[in-house]
Structures are given as structure tokens and as C-alpha cells.
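Visitor: As a plain string of letters, each chain reads:
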Amino acid sequence: MRKASLAKRINKSRSLYVMILPCMIFTFIFSYYPLTGWIMAFENFKPAKGYWGSKFVGLDQFRFLFDDFEFWRAFRNTVAMSLLNLVFGFLFAIVFALLLNEIRHTGFKRITQTVSYLPHFLSWVIVCALVQSMLASDGIVNNVIRALGITDKPILFLGEPGYFWWVVVFANVWKEMGWNSIIYIAAISGIDPALYEAAELDGAGRFRRMWHVTLPGIRSTIVVLLIMNLGSILNAGFEVQYLLGSNGLLVDVSQTIDIFVLKYGMSIGNYSLATAAGMFKTVISVTLVFGANAIANRFGETSLM
Amino acid sequence: MSKRFLAILLSLVMLFSLVSVAGGEASSDPTNIYGGLAPLDDAGDPITFTIFVRDPGTEPAADNPVLKKIAELTGVTIKFEFLVGDLDTRLGVMMAGEEYPDAVFAGDASMRLIDAGAFIPLEDEIPKYQNLNAMYGGCIDSLKAEDGHAYELEMYSVFRGNTVVDQSPIFECGLGFYIQKAVLEDAGYVIPRTLDEYFDIIEAYLAKYPEIDGVKTSGFEILCDGWRNWALLNPAQNLMGDANDGAMFVDYQTYEPAFYQDTETAYNLYKKLNEEFRKGVISAETLTMSYDQYISKLTTGAVLGFYDQGWNFGSAVDLLKADGKFNRTFVSVPITNPGVRDGYIEGKNPDGALPTGLNGIGITTKCKNPERLLKFYDWLLQRDVQDYILWGVEGEDWVKTESGSKAFTDARRALWRDSARRRDETGYTVWNYSPAWQGLYKSDGAPVRNDDSAGEYLASQSEYDQSFLKGYGIEYPAEMHSEPIVRPDYFPVWAMSLEDGSPAAVANAKITDVTTKYDSRLVLAEDDAAFDKIWEEFLTEFHAINLDALKDEVTRQIALKMGF
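Chains as they are written, first to last, in this note's numbering: chain R, 2 to 306; chain V, 8 to 571.
Mixed in with the good hints there might be a few duds.
Beta-carbon label-pair distances, calculated as ranges [claimed, not checked]:
#1 V:259 with R:121: 39 to 47 Å
#2 R:68 with V:135: 26 to 34 Å
#3 R:206 with V:223: 49 to 57 Å
#4 R:127 with V:259: 57 to 65 Å
#5 R:121 with V:263: 36 to 44 Å
#6 V:510 with R:20: 49 to 57 Å
Within a straight-line C-alpha distance of at most 27 Å, the following computed BS3-like cross-link-like pairs (lysine-lysine) qualify [what the hints assert, rightly or not]:
#7 V:449 with R:50
#8 V:151 with V:215
#9 R:264 with R:56
#10 V:373 with R:154
#11 V:407 with R:154
#12 V:215 with V:328
#13 V:407 with R:50
#14 V:86 with V:76
#15 V:279 with R:154
#16 V:86 with V:407
#17 R:264 with V:558
#18 V:375 with V:407
#19 R:56 with V:558
#20 V:449 with V:328
#21 R:47 with V:449
By construction, these hints were calculated from the structure, which means they are not laboratory data.
The structure presented is a predicted model; accordingly, all values stated were derived computationally and were not measured.
By construction, the Cβ of each residue, glycine as well, lies at the ideal position given by its N, Cα and C atoms.
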């Protein structure tokens, strides 16, 4: 009975199914088929021997990862920097979008918005070179600090482990704030102007309107983005840490999982280890996304699934 | 109209150059088996070979006069496919589709192509070609991969058992503790031999000149940026008398490898660097510098000393020279532990070097005509052809010096130093990516390349450099060091390939990690107590690495190469 009705239903909307078929094939080929490569994580994979010729070693690669103190340090760094980036990235993008929304002068608003998202198009190599020269002992930051008389000795920003995570956060915020705020600005423009008028009639000032109208209006956008970003919490980025933090003084706080994998997986040809680490990251990410989604559901928020 | 005029002019020029070359040198060198710069029988049948090269680069201009002439005489045109992007990715794509060009120069990465069966075996082909056989015949067994076949026409060396060339002399030491020439001049042309002496004269100069050309003088720089980490990690082995061996120090009596990272020499080295840091001779920033920052700092001429390898800072020296600041360029001095003989210079084995079997051109299974490519290479190896490509025309491009050596004319030297003009106006690119001689010709001692020529080395020195060398009473900077020691066949450890993902490879990566981390902290330690505490921590973490895995593998490979 049920099967028949399913067939009937499919038949009814067959044109829709036909339309989605190419996408499903595409997703299968590029997202699911490559997952067969995960078998490498349980082998001692040698490219010349292929999947079927390489030696099966069970969980040895995972054991190597989890036994290594360095890996857990890399794990800590990754999560810490991700969380900081997430919190500050969200905060700055939302506040920026709110402030921009309050600007009345359209020309100024547009220019500010354009200028703010330009850094997004610079590659990390360039941004890191900029950051590096800004933070150098004779760079602009140190010059300003010295001119203000806060300290007479230049601060070694890129040699002090305590500063590094903040340097990364600063670089990320500077580069991505404008870009990330675009989606909020779009969401804000979808809010019904009548709500603002009503609030104004009720005597709400600017900040009150922001708090009671704008923010609730983009709450669902924020939640959806948060859920999606939680999925990439184990991708703290790779370039900034690699380009700014590879010196010996910082390596304890800068090495992320990706850099660990590059060093002990790709560079020395241990593709199995790289795959194992990738699997580990995926499992955690999927768990986090579903977890956040469930929580959002429970609190009655719009959720992804 | 003007086109026709140009064509006539061009053909006249070419005719003239043909005549002048043919008339200029009629040497009877035994390598000239095809009659030197004479056409081959099949020159009338044009063929184009595509060669993939592992370096980024640019193809020579289509109207390159030398390459045109070579094509005319041999019928062969070489088209280069230079690397764009990542080498491993490019090779992966090539292997996956078995879409090989006619030949490939992939350096160390050739191993993957050999494993994939991309190359044709050459051990039976080489003896059929007289000049190729003169080059590789004496060492063909070393050219063979583990499966017993030779796949590569190796380049860039004087090979053992070759019948044409000898090693050329060494003019400069390629690595070590460098010091600005002005500092040595100021100190009265002394040669510092220990770290104490080295830093003493740097400190004296620093006190005398706190600024150079308006820039704050920097005493000593240590670059440690990513893989360019040798300034921090390597010097201890040199202080113990070795050249650049790698992660291990090898005793030439017993051939037993040992780690130098945890020795007393290493302790004293970092202690000294730490002292200099606390005196302000070394700034903390040096350890966080990027390579670009380092090079631009050297370019100011205000850096007095640093440890490096010559090729790594060549661009800075070129700029200093272009600015006319010859006294701000650098020279390597023989710093060792007191009483230890310095071994910075890798002596060239007078018998020639053994090939690695990897660093050369491999002819692929898809090559459209391997016989003609090999014959082309054989033709190129004629002395007249090599001289024509590398030196040009006598009198016009080069002259004989008083001592019987060769030197460029000023115009040719300027052309050769300008890499774009060298590419478009000479046959350098083809020469550089083909089997070629180097060193000195056995028959008359003439240099193969300008880099092999004592006459050219001296002629290219600035007036300042000449007076600097006169101050020491020496002819070449290399003479500040002891006589070069010829290295055993295993040398060096850093070139040994460790099996992918093996415990030795993991240990090697860990050693780099741990030493980079702790050595930088040692240099920046606050006081003696902190220094000793960091050293203790370092020893604990260093010995936690599976050091024996690497040591056993290096021992095994030394035994293999030395034939124990």
C-alpha cells in the first residue's frame, strides 16, 4: 500500500525528480564517491600499490595520532583559535552590519561597505605579509605604542606565545568582517519598515530599535550561520598559522591540526595518516552540526534540518 | 617593403655569424664526432620534442638566434613545458593519464615517474652514442635504479670515469658564518676562527658604527622561516668540522653517524648566541623574520654577520652590487671549535662524482623518436657546440686571459647576467636542461662554463673585491678556509631519501620540530638559569624522539653507498 503511494507521489512530481537528478549525480560523484578513499586511513597506503595492494593496518594510523602529545596540542590550538574566530568574527560582523544600517547617507554607506569587504579578496599570503610588517619592531603598531609612551622597548608581537591567538583573531576580523556582514545587511533590508515605524511611535530610540527590531529580525540568520560555522570548528584555518606562527617561539600555540597533518602526513608521504586525521575532523564536525541543530530545534529556533 | 628589407638583413646577419663561427675555431677535439657545428644527416627532417621541466620558467623567444641555428643544423627544436603550480600535482596528473611529454626533468621527484614506469631504460642505448658514453660510460652502474635499469641522463656534475672533463677549482665557500667585508677590512684583514673571535670583531665594529647609511646596524641575523631553518639548526656540525651533512654528524674514521643537536658544542653555540642576544648584538626579532624581511634587511648593507648558504641570499648580494656597495657584501669565514680543522667547503672528488640516478632527463615511453633525441644530445655534447652556446665567438664575446683561461667581454658578461637576455639571445635554456659538460676539459685545461673559469672569476671581480683579496694576499675567497676535504661517497645525509611514512621519516620531522622550538628559546633565554632550564627540557623532549630509527636508517644507507 505504502509503496504504491510512494510511487504515485514520485510519478506525480516526476518533473521535479528529473530536475534534481543531475544534482544528485553530481553530489554523488564529487562528494560521496571520493569517500571510498577513506579506506586509506586503515592501510599503510603506498600510491604505487593502490587501494587494494597496500597493507591493511587497522587502527594503527589513529593510534599514532591519538598517542602523540603534539596532536592534542594541535587539537587544542585549533579549537581555541576557531572559537575565538567564531565569537569575534560574528560579533564584529553583526555590530558592523547594525551600525552600517543606521547610516542615512547612501553614498557614504556604500563606500564604507565596499572598502570593508575588499580585504576579503586579498590572499592570506599578502595579508600575513602586511600583518608581519605592521607588527615588526619598527612597524606601525610599535611606533604608535612608543610614541604614546606606553613602552620604550618594542614589543615582539610575533615572538610572544601569549599574543599569537589574538594576532590571528585580529587578522581574521580585519580580513573577513566586511564580507561576513554582507549577509546580515541583506537580512536587515528584509525587515518590514512598518516595524520600525511602530517602534518609533512607541517612543523607541535608535538603540532600542536596534535591540528590539533589527536583532530579532536577523536572529534566524544568525542561528543558521552559527550552526553552519560550528561544522567547521576544526578548520581554524591554515595559512595564517603557517605563515605567521611557524617560528620556534610560537610553534606550541600556532600548530593546528592541518599543519600537523601537513608535517607528518603529506610532507613525509604518509597519506594514510592525513586521511585518518581528515576522518577524525569530519566525524567531530558532523557531530557538532547535528548537536547544534538539535539544540536550536529545542529552543524553537529555525534550524537547518 | 620593410619586411623584405628586414628579412634580407636577418639572413645576412645569420650568414655572417655562420661564417665567423666556422672560420673562428676549427678545433680537433675528440668530442667533435659530428664535425662540430656541422649539420646532421637528418637535419632536413624537422622534429619537435617537448620536455617538461620541474622549475618555473619562461620559454626562450621564438627568434632566439642560437636556438634557430641549432634547429637548422640538427632539425631538432626543443619545446619546454615549465612548471606552473605544484610539481607533485602536475606529475600526478601526468601519471594518472599516462600523458607524458617526450622527456621529463623532474629532479628528485623522478622516483615517482620511475616507479610508474614512465621512462624507457637507457643502459643499452648510451654505449651506442660516443659522447653520451664518454659522459656516463664510466659510472653507468650508479645510474641504475633498484630494478637494474638506468632511466636518467643525469645533469650538473662531473661524473666519475668520464673521459672528457676534470673538476674545476673552488672559488668561494658556499656556506657558513658570513661577515661583511668592511668589518674584516676595519679589523685589519684578520681571519676569525672561533665564535669568540667572530663576535669580538663584530661587536667592535658595531660599537664604532651604530648606523650604516642611516640604518641601525645589526650585529648578527638568524633566519628561521619554515624550511629555511639551517641558520638556527645546523651550525653545530660545522663547528665540529663537518660541512653541511644534514641532521647528523658523521665521523669519517668509523663512518658512524651521531646527533650533534644535544652535544656540548651545541650547548656552547646557543649559549654564545644567547650572550650576544643579551648584549644586543642579536635582536629577538631575527627569529620571527620572514625570508623577505631577511633579504631586504641584508640589502640595506647594515647587517654585519649571519649564518647561511650562499644561494639563499644571492639576490641581496646582487642588489648590493648593483648599488655599488661592494664593501657591504659578505664572505664566509672558517669558524670552528678551537683547534678543530674547518671543513665548510665540500671538496670535489678529483675522480668525479657518482650520479644519483635521479637528477636528470628521463626519456618517456611516449617519446616520438628516442633515437633522434639521444643523437641530438650526443651532438650537443661536442665541445665546439658547448663552446658556441656558453662562450660565443672569440674576440667578440670572450677573450683568452694571460694565464690561458677564458673571460667574457664586458658586453657578453652584461648579457649573461641579465637572465631575460640570456634566455632570449643565447642557447642557455637548452644547454641548462640537456646533458652537458662542466669543469675543465682534460685535453687543454680550458673551462667548460664561465663558472668554471678562473680567468672569468677574476675578471668579474670589482675593484673593491680585488683590493680586499689583496689585503689577505689570496686569489680567491675560498683560500680563507682550509684545503677542501673530499667527501666520501655517502655524502650528504640530507640527500638520503627516507621511505614515505617510515619511522625514520617521522623521527626526522620530529627532530626538526623539537630543535626549531627549543633552539630559538635558548637564544632568547632571559638569564643563565633560564637557559639551563630550557636546555634540560630540550634534552628530555629530544631524547623522547625515536632517534635510533633515523640513526639505523642513515647507518644502513651509508654502508650501502660506501659498499661496506
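Visitor: Confirm or reject each hint.
Guide: A quick look at each hint next to the structure:
1. The given range of 39 to 47 Å is broken by residue 259 of chain V and residue 121 of chain R, whose C-beta atoms sit roughly 57 Å from each other.
2. Between residue 68 of chain R and residue 135 of chain V the beta carbon distance is about 56 Å. The supplied range of 26 to 34 Å is therefore violated.
3. Between residue 206 of chain R and residue 223 of chain V the CB atoms are about 54 Å apart, so this pair conforms to the stated range of 49 to 57 Å.
4. The hint said 57 to 65 Å for the Cβ distance between residue 127 of chain R and residue 259 of chain V, and at roughly 47 Å that hint is violated.
5. Here the CB-CB span from residue 121 of chain R to residue 263 of chain V is close to 56 Å, at odds with the stated 36 to 44 Å.
6. Checked against the hint of 49 to 57 Å, the C-beta distance between residue 510 of chain V and residue 20 of chain R comes to roughly 54 Å, which is consistent with it.
7. With a C-alpha separation of about 47 Å, the suggested pair residue 449 of chain V and residue 50 of chain R falls outside the 27 Å cut-off, and the hint is violated.
8. Using a Cα cut-off of 27 Å, the hinted pair residue 151 of chain V and residue 215 of chain V is violated, with the two alpha carbons roughly 58 Å apart.
9. About 22 Å separates the Cα atoms of residue 264 of chain R and residue 56 of chain R, which keeps this hinted pair within 27 Å; it holds.
10. Proposed proximity of residue 373 of chain V and residue 154 of chain R is contradicted: the alpha carbons are some 64 Å apart, above 27 Å.
11. This hinted pair does not check out: residue 407 of chain V and residue 154 of chain R have alpha carbons roughly 59 Å apart, beyond 27 Å.
12. For the hint linking residue 215 of chain V to residue 328 of chain V, the alpha-carbon distance of about 24 Å falls within 27 Å, and the restraint holds.
13. For the hint linking residue 407 of chain V to residue 50 of chain R, the alpha-carbon distance of about 57 Å lies beyond 27 Å, and the restraint is violated.
14. For the proposed pair residue 86 of chain V and residue 76 of chain V, the alpha carbon gap of about 15 Å is at most 27 Å, so the pair holds.
15. This hinted pair checks out: residue 279 of chain V and residue 154 of chain R have alpha carbons roughly 23 Å apart, not beyond 27 Å.
16. A hinted pair counts as satisfied when its Cα atoms are at most 27 Å apart, and residue 86 of chain V with residue 407 of chain V does not qualify at roughly 34 Å.
17. Taking the CA atoms of residue 264 of chain R and residue 558 of chain V, the gap is about 20 Å. The hint holds against a cut of 27 Å.
18. A hinted pair counts as satisfied when its Cα atoms are at most 27 Å apart, and residue 375 of chain V with residue 407 of chain V does not qualify at roughly 42 Å.
19. A hinted pair counts as satisfied when its Cα atoms are at most 27 Å apart, and residue 56 of chain R with residue 558 of chain V qualifies at roughly 25 Å.
20. For the suggested pair residue 449 of chain V and residue 328 of chain V, the alpha carbons sit about 34 Å apart, so the restraint of at most 27 Å is broken.
21. Taking the CA atoms of residue 47 of chain R and residue 449 of chain V, the gap is near 46 Å; set against the 27 Å cutoff, the hint is violated.
In summary, the numbered hints that this structure violates are 1, 2, 4, 5, 7, 8, 10, 11, 13, 16, 18, 20, 21.
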